[in-house]
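S.K.: Residues per chain, in single letters:
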Amino acid sequence: MAAAVSTETVNITVNDIELVVPKGELVVEAVKRLGLEIPIFCYHPRLKPVGMCRMCLVEVGFKQPDGTVRKMPKPQAGCTLPVSEGMAVYTDTDAVKRDRKGVLEFLLANHPLDCPICDRGGECPLQNNTLAYGPSTSRFVEMKRHLPKAYPLSQYVTLDLERCIQCGRCVRFTEEISGDSQLAFRFRGASMQPSTFQLTDFESKFSGNVIEICPVGALTSAKYRFRARPWDLQTSPGICTVTPCGTNIWFDHRSGKFVRVNGRTNEGVNEEWTCDRTKFGHDFYNAADRLATPFRRDGEAFNAASWSEASQAVLAAFADGGEGVAVLVSPTLSNESLFMTQRLVRDTFKTNNIDFRPSGGLAWSERLENKYGLDPVGGTIADLEHAGSILVFGASLADEQPMTFLRVRKAWFSHGARVVVAHEVATEADSFADVVLRYNPGSAAVVAAGLRQLLAKVEGKFTPEHVESVSGVPADKLRAAAASLGENGAVVTTRRLAKPAAEILAVAAHETGRTFLHMGPHANTEGAAALGALPDTLPGGVKAETAGLDTKGILDAAAAGKLKALWLVGVDAFSLGDRDLVSRALENVETLVVTDYRPTESAEYASWLLPLALPAEQDGTYTSSERRVQHMGAILQAPGEARAQWQVAQELAARSGAAPVFSTSEVRSLIDSVAPDYASLTMAKVIDGGELLPRRGQSPHDLEKLAQTLGGL
Amino acid sequence: MAERKLLLEHAHDPAYATLDGYLAKGGYAGLKKALAGERQAVIDEIKASGLRGRGGAGFPTWIKWNGITKDKKGPHYLICNADEGEPGTFKDKQLLEQTPFLLVEGMTIAAWATQSDRGYVYIRGEFVDAARALRKAIDQAYAAGYLGKNIQGSGMDFDLYIHLGAGSYECGEESALMSSLMGERGMPRLKFPHVPLPTVAGLWEKPTIINNVETYSCAPFILANGGEEYAKLGASTKNSRGTKLFSVSGHVNKPGNYEIEFGTTLMELLDMAGGMKGGALKACVPGGSSVPIINAEDCGRAVLAYEEMSEVKSMVGSGGCMFLNEHTCIVSFIWRTSLFYANESCGKCTPCREGTKWMEQILRRIVMGNGQPGDVETLKEICSQIDGRSFCGLGDAAAWPVAAALRVFPEEFEFYIKHGRSMVTSGESVAMAPAWQQAVLA
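The listed protein sequences correspond, in order, to chains A and B. Counting along the first sequence from 1, when you hit position 434 you're at 451 in the numbering used here, and nothing is skipped either side. Counting along the second sequence from 1, when you hit position 5 you're at 172 in the numbering used here, and nothing is skipped either side.
Because the hints were derived from the structure by calculation, they are not lab data. Ideal Cβ placement from N, Cα and C applies to all residues, glycine included. Don't take every hint at face value.
[Stated by the list, open to error] Covered, in the sense of this in silico footprint (three residues per stretch, anywhere, with C-beta under 8 Å from a C-beta of chain B), are these stretches of chain A:
id, segment
1, 120 to 134
2, 149 to 162
3, 618 to 632
4, 660 to 671
[To be verified] Listed next, with one range per pair, are the computed distances between beta-carbon atoms:
id, chain 1, residue 1, chain 2, residue 2, range
5, A, THR110, B, ASP238, 38 to 46 Å
6, A, TRP248, B, GLY536, 32 to 40 Å
7, A, GLU25, B, ALA224, 43 to 51 Å
8, A, GLN251, B, GLY536, 35 to 43 Å
9, B, ALA224, A, LEU53, 29 to 37 Å
10, A, GLU102, B, GLY350, 51 to 59 Å
11, B, GLY292, A, LYS166, 29 to 37 Å
12, B, GLY320, A, LYS80, 47 to 55 Å
So here's chain B without its partners, still in its complex pose (with noise of 0.2 Å):
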């Protein structure tokens, strides 16, 4: 299969990005007809459509939209979550940047179905482009009538605010990202069964819905074009609908954002990322760094949908798709992902706190040339008691990798214990981080 371009159909147009641009191509229809009809209709349209949310989880979208009460008490909260943080993932950045009314419209869509007063696009800090951008359309809505008092004469209210992140991966996970929001410490939250669902006691312990950019994005086709339309994308998986958007880096000859139709086989992406660079495939890890990695058998059989994907145990992840060709040595490639997820902890639960810490300090010592016998199993044991025992999924986030790493490439680790030196010892490897980065890590 080739592209399918849903959203990003005009995104290298400036016009897009501006609002006269955005309407010349039929922008605003999704929400035009979502305001005459029933608010109901809406999430019966995001049901049909098959959604499900982008940011990495798949969980359906429409249940969150239905989840919110309908009987309305108090102010009701809609969030974007614009905290683009997973290795490897660039969809949003880009999405931000050149189909923002992508965003505008389909977050107002959402608040007419969730009768939500207010909506915060919490952007990632270091994303000002993107943040400049959103900024922009945002004021041209407001000026147009697409946001603020009575929305194009329907009555509904609804303002859009932008909130900057500081710099914190951890905030991406959703309760921390309100925890941020809310101006405390970007920690994660309680979350169901321990306390009720955001959607009923979320921001403020207001209900609140809270979406990835290119969930949201997402909308306005749907409602244009009718939820059977987009379900019409992917029918060929068990139960990925439309379309998504695949940030494809490492070693490939054109690297960015490829759009395609879930049931598109992962080497069909490669070949349209203008396929490998410097020497045969050896892995990928397909969902942004914290998904498991597979290697190049895997990836020949790698289908790329939400169930489809469990069958080389990886993930769709957030669609952070990094391809590594055969020069690339894997424990430094894992060492550099878990040093990431070490100093992306947040602190707040011993496991992960610990854990991340624990593992990198080993991946470390291993790549200088000092490991042990025994530290794969250590790493190993440290992996299962991270997963699924930590407070949020950051904890899950970085193990997964590293037991992945141990499990389809063991023999590089064990090469690497008793040799006190990489296999691959030639050729074009992932690139270390720059000195003055790694200063800044150290």
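Okay, chain A solo, but in the shape it has when bound (with noise of 0.2 Å):
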């Protein structure tokens, strides 16, 4: 987020060594094309530049028309500085290296060196660059600042007042990227301090960003603190699964257990930002309960059994099960996992009773791509930045989408993108929107119809007026969400919205030549969607002759006794809700056979508990909400006999006479076979930054069932 770099360029030197770079771009970055380092610790590419620490300081001066250069009289700070025509940048000379030292002296004057316990020990830019550039010795014998050593900011963050050097990374990114605005800086001088407001919590849904970017180790993770030293760690690329973003992690474990999460650097998806959920929501790998083998229920009592026995089981249960079986899946499995499942599903069991979906769901032939021919998913979270305008509709983005909602904001703070919001409830985004719209529960789909007359231009009954006697929404202000809309961008929202509202938007997507992203809640819903973890689709999208039951379905036909065996791969079904048909489903069933890491509330009902492996104790790949196909290979070891789902569904498979599978890649080239969609990405890219499915980009028609849809409303 450097000053604006323009496409003109400028002859500088630095070092007396010419270079030609973009006018306007920092001298911290331009050095750094001759592979040269300027030391820092506020700057951060991604903020703002500020000037505060004075780490960067160089002599610059500028060519004179005689040839010589005019040094200016002070050392000047490198991460403010823009470069310009005739500049001549020296960065190790003796007086930068003396002001260096000068300032780390400073730095290092109050700070409490006690590094041997600090968890930024050995990944930390202070004790970097004191050691690269810094005095030997300190003059400093005067009393040291005495601070709070641990002040919980907030439950997942720690500050150590006495080791932070007021660079004031956090306070800029809760201003400019999070947008929460949680930290500023209180008191002035030596005393100055980050703080929340009022010393009231820190409040934010990606706070532990700033653990992160703190260059010292003031801000602590609460649940890593004190817990290793960073050269003990072994750290591993990883995706996280608990958000639907895909997000670019590193795995942090030690002797098999998992440690921590960082960001990790993949510009088409999360920049290096993490969300909570995703910093700190990895916990459950280090579950206590981790299920290690399978259980077989005898009585009351669970006793341990092998695979042979709980797959023989299994398959006495399931196999040729037909109407009477159905299996419920997760949709954060792998995408291995879940066509092997459903391969397993209808080929083995010989039914479509699969689905991943928690609630309802569209059939076949309602989704939008077999309705109208357009793309649930028509642009990526990288493409928004540049959107010159974005409707976020019906869904609260820092929530469900949470790098979505970061890209969004900074399409709004970086570019001055236009952002209209429309949803029941106050979301995050207000704080940035040009115009909120605030309807009545219910009616979404009203308020869109009423947007799409004024953006395609065309005629019908959703007036703004009859909008505002529906919604609640005024007219005036539905008409300045048209307007700030303007003639393009994007639309985002997600699959929490009810179906008509979706549709009515993705259609006004089309029609006025907007990218269209209708973002799916989980880590892998676009890949169960995609290969068949559905009652009426089979793998690559195909219609399936006769349709099983869905969710609902087959929780109602296991409470009214009609299914013999139910299978339940890292679902809790009492997380689908109404717990009472639950209650009576499971009851109900002959035999239930609940595979999942833990032991769940509906495993209390199970006949057969299954341990399943967690994605990073696994290779795999998973599909994002835009429809990007990562990898995360093996990174610990699963528990004792704990398996990856695709593993359990072969052997059953096998079993049955199929041919056997042995790896992922195996089972990749099975997907490739019949999902193109699948067959078009390379590996290499799958696993180096992720590679987006095809979009379909298919000519919409039956564009005429819309007006039934809004004739109907």
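Please dock the two separately framed chains into a single complex, following the hints provided.
M.R.: In structure tokens:
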């Protein structure tokens, strides 16, 4: 977020080496082109430069007509100075070295130097810069500043005020990136300290990032504090599977145990940020009650059993079960697991009773891609950054799609995009929205229809006045929203938005040439839908000849005693809603098999309890909410005999006579043979930053159906 | 040379603070002349007058005014820096209280020249009386059509607002003042060449002029009498024209504000102030607490003008002239000065935040009798590590007085460190801050 960089170039010299760089580039960035480094603390490439810490002081001069260089009288902060024609930068003179020593001496004067017990020790910019540029001794013999060492900013972030070097990165992050402006400086001079206003809790959905951008060990993770030395940790590239964004993470572990999550740079997805669910929501890897072996119910008790016994029992209950058996799968399983499970269900269990959706969901012919030939996810997160206008409809993005939220906010903050937010309740995005449309619960479709009418400039009954009478959105506001959205841009919503509204938005987006993003709620919702974990859809989106039961149908059938066997894979049925229905369903089913990483509430009803390996314990690919397929290798070893679901499914299939499958790459070949979208991917790209599934780009058809939809509202 | 009163001529007449009294003494003649001519003519007059910024830096005023785009696209702003916080300086306080119409007229002239729509007078929060006096003046000016819409039938609109600061020295720094005025924390902002000048993108990123109270107050005289008339004053100096207010304090018999022509000597100023009290002259801080201290010998040859003062390695600054007599302990004096800067550092940049505190700690230790060999060298190093390295001028202002005292009076520091007590043992010394104030500052 440096100063505006143009395509125009200027000639500068760095340490007398000539260089051509874009005009307006900051000196601190320009010298990197020569492989040089200017030490920094407060500067962060994604935050506005402030020049606070003075670590980046360099000597700057300008070429005079006679060829000599006239140096500016004072050293200049390289992090705030844009390059200009004829500039001569010196990063390595004795004066610069002396200035760096001086700044470091100042910073260390009141720094507690409790490095041996500091979380940051070993990965600390202050340590690194001191080693490279600092003085070897300190002349400071006065009393150091003494301040709270473990001030709890929030339940996740603990602040060590003594270690703080007042660089303001955390303050600027909450102002510029997350936008919640939770942190500010209080007091002044040597007493200045970052703080929340009035010492309230640091309430942010992105608070974990300040821990990572803190250049010292001042902001620490309450969960990770004092738990490890960085050099003892092993780190592996991973993908977050607790959010739908596909956030790239560094998965830090030690002795086979998960320790912490850090953001990993992927410009297309999360840049370098994480949301707090990603950052602090991976503790389940270390759950004390992880299942490590299959269990068989014997009366009231569960007794350990072997996989061989379990496989035989499951097959006995499910094989050729037809309409009498059903499987519910979790949309956080990998593509490979979901694909193999649906194949087992269809080929071996001989049924289409499989679903991943918690409740309801659209039938094949009702889905956008089939009904209208429109892409439900037509754009990418990164595209949003340069969308001129963005309509966020019926979604609390910061909760549902945190990385999309950050990109929408960046589009507004850095590129001046106009944002319109329409939702029943207040959301984080309201704070920067041009227009906020707050509609009555249940009137989303009417508002969407009203907006479509204004945007597509068509006549109809959804005039702003009509919309106002139904939804409570003032007619003027609706008109202002349409005006703000202009001629192009993007429309973002999530699968939580009910059907007619989403459909209308999709059509409106198509009619007005906007990008449309209808984003799913889980780490692999898109993969589950594309690879056939649906009762009426086969892999590749092909319509099944006869539709099976969906989640609701499965539970109803089970409750009515019509199901002989039910298998819950990574799903706790009690999380699906209607607890009464679920408990009747689980009681009335003859054989209940529960596969999960720990005993869930549903497990109490199970006949068999099978241990599930978690995403980081197996090789697999995941399709994020922007339809980006990314890969995560096996980072940890699964506890005991816990297995990945694809392995369980393949073993059952093989026991029934199918050809055995030995690896996830074999599974991926199978996927490629039936799902053309996936066949077009290159594994190298999937591993390196992920690859987007091809956009369908089909020509829309059946738009007249929309008229019926609109008429029926 | 004797006092030469342009601004303070009628200052002691209470009627001068009212519009009628001001008009009776020829007030608003400058504005009438300005409105009758071209906007550029005003800037040309200011250029001819040689007026330089009176806040301390001495930057030529006309360059600022001329830097505002003539092709007006959006609002232009005018700011008056009345956050007079430099220890030893109290000239703006008197101008605001006794000659508020000079400021109002001066700002109106500047607004005309720069096509500004609004002016803000950022007054130090403690200056309640000054703010009240200015409030009365502004109200009267509005009532008589000297502010507001269509000023004196000229078609020019100009609104003037008062903003009271909240007690931070740093907010007298022009960019921090703008931050504060915009409702942000009073911290300095990036400056040229890192970002455009305030005349291009200042307050709310719009073209902005910011000048000191005294600078604006000079404009009515210059417009009424012509820039050349003004430039005749101070002709003996290299490049300082007109008059300057000096706030004389310390061990003098008649402390107060004295308006003198540039080129007057420091000793003449001391004579105006009734000479030394309680002992012979030992040292002088001629331009506010941040400028380098000079010894009696240099006082004898100091000529009060921007360039001339550098010959004695000091500055005119904001004109806060403190004379110290022979019984003053320089070490204690400098400790007290550094305590001020340590307290007022905003905390934004490392050198100032950490360096001012460290200097104060060392000086306090010396004053308490626990000085160590090497302290002087460390202090000198710290000064050089702050000077020119800090984000804004506050760091420089904190380093200069310490560095100068170490240079001019090294023997006092050495004595204090060696013996654990001051060289100066008798007579009237610099008063300590009252006990309650020390408790607050501690």
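S.K.: Hint by hint, which ones does the structure fall short of?
M.R.: The structure conflicts with hints 3, 4, 6, 7, 8 and 10, although it agrees with all the remaining ones.
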